[in-house]
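Enquirer: Chains as they are written, first to last, in our numbering: chain W, 32 to 238; chain H, 12 to 253.
Wrong hints could be hidden among the right ones.
Okay, derived cross-link-like pairs now, DSS-like style, lysine-lysine, Cα gap no bigger than 27 Å in a straight line [what the hints assert, rightly or not]: (1) K223(H) <-> K101(H); (2) K175(H) <-> K133(H); (3) K190(W) <-> K122(W); (4) K82(H) <-> K123(W); (5) K169(W) <-> K144(W); (6) K101(H) <-> K144(W); (7) K79(H) <-> K133(H); (8) K190(W) <-> K123(W); (9) K230(H) <-> K82(H); (10) K133(H) <-> K223(H); (11) K230(H) <-> K133(H); (12) K169(W) <-> K79(H); (13) K163(W) <-> K79(H); (14) K169(W) <-> K122(W); (15) K82(H) <-> K133(H); (16) K82(H) <-> K175(H); (17) K169(W) <-> K82(H); (18) K163(W) <-> K82(H); (19) K82(H) <-> K122(W); (20) K223(H) <-> K175(H).
Taking beta-carbon pairs under 8 Å as the criterion, some of the chain H residues facing chain W (in silico) [as the list claims (entries may be wrong)]: (21) E61; (22) K82; (23) N84; (24) N128; (25) L196; (26) Y200; (27) E204; (28) W238.
In short, the hints are calculated from the structure, not lab data. C-beta atoms are modelled at their ideal positions from N, C-alpha and C, and glycine is treated no differently.
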Amino acid sequence: MKIAFALLITAAAYAPCSAADNIGLAAHMGLHYDVGNLSALPGAQVSPQINIILGARVKTDIRFFFMQLGIEQTFLVSEGEILNDSYGELKKTSIQYLAFPLYGGLNFPVRDKGKFYIGAGGAWIIGTGYLKSASARKNLREIIFSHGFITGMQIRLTKNFGLYLDLEMLFSDTGPAIDIDPAHDWKNFSPDYSGSRFHCGVFYYVK
Amino acid sequence: MSNRVIRALLIALLLPSPLFAINTAVSLGAHIGLAPDMGGNLQSRVQRTELGVDNGIDGINRSMDGVKTEKINKLLGAYGGMDFKVVFAKYFLFRLQTNFVMNFFGGTGVTLDQSENRLTAKYSLWIVDIPVGLGVSVPFGDIVRISLCGGVAFAYGSYSNSFKSSTVNSSATFETWTFPWLIMLSGEYFFREDIAITTSLAYYQGSSDVIKSRSDYAKIDFSGFRWNIGFSYYFIKKKKKE
């Protein structure tokens, strides 16, 4: 997957541009609901963690292909909480991250009004925040690679400006970070950065 | 004969009729793609009762100072398949696919068992599925077609796991089938009148009943997202208006 990612970057760098191609800068807000996927923990009644996302991206359209590179920072809206003490000693999560997503895929122009797109890629994520168990608090500081998909719609409002709305699904694996089992000394809970993110933003066409 | 059967027969007879043939296009294609988090958490009885893990591969990783462990990643699958499409009455779509999905990354590593001994865990999964769907397909000019369809798939899977440490020794293979439902969003970009490059994003939902293999019990979860890229060749093309 990392090799495919490197190939995407190389292809983007060497891809020729023509008059019909677009390069755009974009800024968006987003939402990541149920950060950490606490609701998937067996038997757990949870108050899901909610983050908002602020991000920017550069998107290049080359004929029917697109390539986009972005930066995103999440901000905590509400902590995740295990309400029924059902998953070991885990109590609260506050998972935040800085992400550098890169996607490539296909554009489908909707006449001259906009584009629909579907792509695949991934993101380097620098995870921060903390996990709290009944007896400890662990600050997070980890770098992980995640893979995923993106699909969305871009609408051109004026010659230079447009809006976009998209859904990004990321899947990631992390190692254990905190002990939530009082009978052992091991670390056995891994924060999960997987999940769906919604983005809504403004697009500025440089070319 | 019930009304439903009569209606289905009428539609089947109408599809190849001259009236519908005016706006009918038929294509055959091939695709390759990715299927992240294949098999869900791959939970089984041995993991719950002998390893003390309640959520399978999502909770299998444990680490401790002084013991060398290797992270067990969730299964990332790659897949390939064929795609048969009929676009009828201009805006409607019938789709039939065959796919073979197999994990190529993740599923292997070293963790700790309940006695804090090193435990080698291995997971693998392959799936053959045949989804059938109906939906809408909207053309935008002559070069783009965007489709959304839903349906059901016949899915057959084989899930194997193995857990080995100085105190635990278990391996099992589960093979079963079921009918997950699915929804699929796809786009086609036509290079020529009869050839399109395609990409799709699909979501499957469904799992089998719990089955037994040796002393272990598990189900196969076919749920998850899939993305693919490929091409379509339209061997029956929509007739243009004179």
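Enquirer: Would the pair K163(W) and K79(H) pass a check requiring their Cα atoms to be no farther apart than 27 Å?
Expert: Roughly 25 Å separates the two Cα atoms, so the pair holds.
Enquirer: Are K82(H) and K133(H) close enough, with their CA atoms no more than 27 Å apart?
Expert: holds (11 Å)
Enquirer: Check the hint pairing K190(W) with K122(W) against an upper bound of 27 Å on the C-alpha distance.
Expert: This hinted pair is violated, its Cα atoms lying about 51 Å apart.
Enquirer: Is the Cα-Cα distance between K101(H) and K144(W) 27 Å or less?
Expert: The given pair, whose Cα atoms are some 22 Å apart, holds under the 27 Å limit.
Enquirer: Could you grab the alpha-carbon distance between K82(H) and K123(W) and see if it respects the 27 Å cut-off?
Expert: Satisfied, since the Cα-Cα distance of roughly 24 Å is no more than 27 Å.
Enquirer: Is the straight-line distance between the alpha-carbon of K190(W) and that of K123(W) 27 Å or less?
Expert: violated (47 Å)
Enquirer: Verify the proposed pairing of K169(W) with K122(W), using a straight-line Cα cut of 27 Å.
Expert: holds (12 Å)
Enquirer: Given the hinted pair K230(H) and K82(H), is their alpha-carbon gap at most 27 Å?
Expert: holds (24 Å)
Enquirer: Mind checking the CB of E204(H) against every CB in chain W and telling me if the closest is under 8 Å?
Expert: E204(H) check fails; min Cβ-Cβ to chain W is 16 Å, beyond 8 Å.
Enquirer: Would you check the hint for K169(W) and K144(W), treating anything up to 27 Å between C-alpha atoms as holding?
Expert: Not satisfied, since the Cα-Cα distance of roughly 49 Å exceeds 27 Å.
Enquirer: Quick one, are K230(H) and K133(H) close enough, alpha carbons at most 27 Å?
Expert: Roughly 17 Å separates the two Cα atoms, so the pair holds.
Enquirer: Below or equal to 27 Å on CA atoms is what counts here, so check K223(H) against K175(H).
Expert: holds (19 Å)
Checked against the numbered hints listed earlier, the structure breaks hints 1, 3, 5, 8, 21, 24 and 27; every other hint is satisfied.
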